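Protein chains: 2
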Amino acid sequence: MHGLNHIGFKLSGENQKYLHSYSTEINTFLPGQFHIATNTEVEVSVNKATKAFKTFKNITYEQRALFLDEIAHQIINKEDELIERAMKESALSRNRILSERLRTVNQLKLYAGLLREGSWVEASIETENDIRKPVRKPDLRKMLHPIGPVVVFTASNFPLAYSTAGGDTVSALAAGNPVIIKAHESHLGTNEIVADAIITAAKNTGMPDGVFSSLIGNGNALGQELVMHPAIKAVGFTGSLSGGRALFNLAQNRKHPIPVFAEMGSINPVVLFPDELKTNLKKTVKNYVLSISLDVGQFCTNPGLIIGMRGKELDDFIRSISNSFKKLTSQTMLSENIWINYYSNRQKMLGQKGVKILTEGEGNEELKAKPTLAIADGRTFINNPHLSEEVFGPFSLIVICENSEELNQVATCLNGQLTTTIIASENDLINYRPIIQEFKENTGRLIFNGVPTGVEVCKAMHHGGPYPATTDSRFTAVGEDAIKRWVRPIAYQDCPQELLPEPLKNKNSQNIYRFVNGKLTRESL
Amino acid sequence: MHGLNHIGFKLSGENQKYLHSYSTEINTFLPGQFHIATNTEVEVSVNKATKAFKTFKNITYEQRALFLDEIAHQIINKEDELIERAMKESALSRNRILSERLRTVNQLKLYAGLLREGSWVEASIETENDIRKPVRKPDLRKMLHPIGPVVVFTASNFPLAYSTAGGDTVSALAAGNPVIIKAHESHLGTNEIVADAIITAAKNTGMPDGVFSSLIGNGNALGQELVMHPAIKAVGFTGSLSGGRALFNLAQNRKHPIPVFAEMGSINPVVLFPDELKTNLKKTVKNYVLSISLDVGQFCTNPGLIIGMRGKELDDFIRSISNSFKKLTSQTMLSENIWINYYSNRQKMLGQKGVKILTEGEGNEELKAKPTLAIADGRTFINNPHLSEEVFGPFSLIVICENSEELNQVATCLNGQLTTTIIASENDLINYRPIIQEFKENTGRLIFNGVPTGVEVCKAMHHGGPYPATTDSRFTAVGEDAIKRWVRPIAYQDCPQELLPEPLKNKNSQNIYRFVNGKLTRESL
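The listed protein sequences correspond, in order, to chains G and F. For what it's worth, my numbering labels the leading residue of the first sequence as 1, then goes sequentially. For what it's worth, my numbering labels the leading residue of the second sequence as 1001, then goes sequentially.
You may find that some hints are simply not true.
Here are the simulated DSSO-like pairs of lysine-lysine, each with C-alpha atoms no more than 30 angstroms apart in a straight line [to be verified]: (1) F:1051 x F:1255; (2) F:1282 x F:1255; (3) G:137 x F:1440; (4) G:484 x F:1137; (5) G:348 x F:1519; (6) G:440 x F:1368; (7) G:505 x F:1519; (8) G:109 x F:1519; (9) F:1519 x G:507; (10) F:1109 x G:484.
Between beta-carbon pairs, the in silico distance windows are [to be verified]: (11) F:1522 x G:54: 39 to 45 angstroms; (12) F:1498 x G:254: 43 to 49 angstroms; (13) G:364 x F:1039: 52 to 58 angstroms; (14) F:1130 x G:408: 30 to 36 angstroms; (15) F:1228 x G:353: 26 to 32 angstroms.
Stretch by stretch, here's where chain G covers chain F in the computed footprint (C-beta under 8 angstroms, at least three residues) [stated by the list, open to error]: (16) 1115–1125; (17) 1135–1149; (18) 1189–1203; (19) 1246–1254; (20) 1438–1446; (21) 1482–1494.
In short, the hints are calculated from the structure, not lab data. Only a predicted model underlies this, so the values are computations on that prediction, with no experimental measurement involved. For glycine and all other residues, C-beta sits at the position ideal for the given N, C-alpha and C.
Just chain G, same shape as in the assembly (with noise of 0.2 angstroms):
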């Protein structure tokens, strides 16, 4: 571990404050000491970001697609040194780190077929016309283009798939913006590796000197000065609605405000309906033991929350996951952090009036969470917006309504949810539809017989939510639209052939999707 800052090529260590990494997998610190980025330092990451701007963004998409498959190699190239430090930093096992190293890859290849493609800047044209009255139209043709230096501040429960090289980096830098990474404290080896990766990347494929910056920081310092910077355009983050909303704030007091796509807290709601639970209990009890307790329920999908209507069927699933859960065993936490939010997020839950504890699992060491379920009635739901609040582990509290009509007010008072479950047969769907039909107001996902866990990487997901779920429900963080949050229009207006963008040409050469005078279409004008 060099322990220096991504200052765009230059490693850099100006300063002798460290930050070090702590694994709770072997309760120590890791090798590598890690330094503090000065004001400086910041300063020249954002100035040399705003310069490489200027060439980034006008190479061709196959160049920039080169770029992020070399990103995608150089990363594979890393090898079990990058899959060893990521366990230590996560605790998370060998095989979820494997997949999240996979994912990643293939999300760096996605988006470099995004560019190859090339449909997705939206070109649209409408040629002129010299002979209408009383005034002529003028030629008018517009795409999407990108908007400048990019902040991203990584996700704790994503060491690679959602942090240096995840999907916030690689879509911003697909759509053609230099990116600064705030390094996670939780994983800045992990950090370190991949930025290595992506700066070998970088040099390899000829990109400009301050395309990739990563810097590291304590607390909040470092993400204030980065989000207040006048040259910084937008920000992407994932973690705590605390953490989020502060950033989104200050962008927004900003003279010039920027957007802020802040993913953050979500229960994810599973509605269960009696006619299913009957028919298929088992399954569902399986279902949803492993999705509240996968990786240590450190997701943002884990589902939080689980409703359902009073009656034998929610008393049998009730009976029927509570005996499962007091197998499960505690595990080991991401970060130190985490777990003494996890408990104390569970505690002040537990502490509500008419909320109980259901069951829990096994165990209660340091760094490690004891599964938990809870369990309200509908009433105590409704009257009390704590219980809505998200407990970051494998956390659910159960809610019993009394009937089809509470079931639909636990619906209507609901805040933003990234994703909301149906568990429900065909029977169910006739009988609640209206209630289903409410349950989709607040939610970017609807899911129908799964879980919420587990998020495909496509153009038809939307990973997304109102608010608080997301700060911007318009935009998705996972799939190809994801690259839509850092781009704007232009338009042009009379504009001669050889200063038009190559996509807005007469002559379509990308053989991209195009709206021509109200028609989409590939050919040339």
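Fit chain F to the supplied structure of chain G, relying on the hints for placement.
The following block gives chain F in isolation, referenced to the frame of chain G:
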């Protein structure tokens, strides 16, 4: 004039406090006393909108299109009553008001057409892969959905096309959102006539009560109340930077922030290059005298800044435009406020060090604006940010740069703009290409050899730009894509066919374009 608020289908005037509409044209109050909405009336209108949303979002696109068509029909039905009132309230010419009505009607039909065609929902489908290892790929489908009640603050300078039934209202309704209007204080009668037309159209086409409301309010109180209401999901605004920013700040500091699409201040730089000036001096001068003074310069795209390089060509331009400008006469402005602000901002500008008055039109009467050209050198402009502030009205500042380097510097220090215009010959385009690219960075629309006034309503238009031109550079206020401001994606995972919205079902009944497994197609599955 009944002077009542439209609380959904109910006309209501609980308050005995009134506003009156003043005509700057005839310098007197116009008939009608307009009841200021009470808190109860505001609350009822929001509640009605919330309730109406439940049905309005679920009606067919054809029904929504019929509603929009019928609004157009009812507006035309108002005939001269509407035209006369709008003329008196705005002091704009009959021709201008007639063309604005045409634009309003055409916008309604444009969105009706968009709904009937249907592809605007951006449907995306990825079918399941049951045999994928290690985990099955689920069936995922997503499309854009309406977000809920929208508040629209109408524009002072477009009493029809960007007011009660204007671009914001119509795009929000087309998307499936109920709309609540804050009527503009300077054209309350025009608002009433158009609101009556919308309500008649809503009743005639079976729309739910609450799909549209129009409220009358004084100062900021009504606006604040609406923006802070938890049931309001987005805001559209056209007006001043201070007004837009105040609403934006309010909305971002809500417990649950909501988007504010504010179209605010732009000075729309025009960059003159020497070879084109030499060749087409007369045409350029004629175009710009007209563009600056058109409708008393009261356009968001008014060219408030003209930039060139010192030399004979620019000297000739300045001499020629000055001569033409002197012959202009003062014209009546939209409202007393706008007139007061015009002179106060003009004086502020003329009081800046290094800014000199170049020439003025004739006349100096109350409520009339004297067309004004001022002049400064490049260094002065670069060093004083006040010179980048908008003077709303027939005012333009000519900036003389010493050379192309200084011109480039001016480009880099510009604020975000709605438009930037390049006046350049083929030779100029070759000689100054990097400078032209630099001017692109801060603008929403780059125009070649034209004028910024005159905004085409079409798919390829982008009427937006980086802050302070707007609060969100990713969205347009004009053209089909304006609908994207009022929607968010929802994804459906493994959703039974009968619960999917029509555009996501296997059968592509509306024959729309959809992304199906990565390919754009109109085929059914």
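In ascending order, which of the hints set out earlier in this document are inconsistent with the structure? Checked against the structure, the hints that fail are numbers 2, 5, 6 and 18, while the rest are satisfied.
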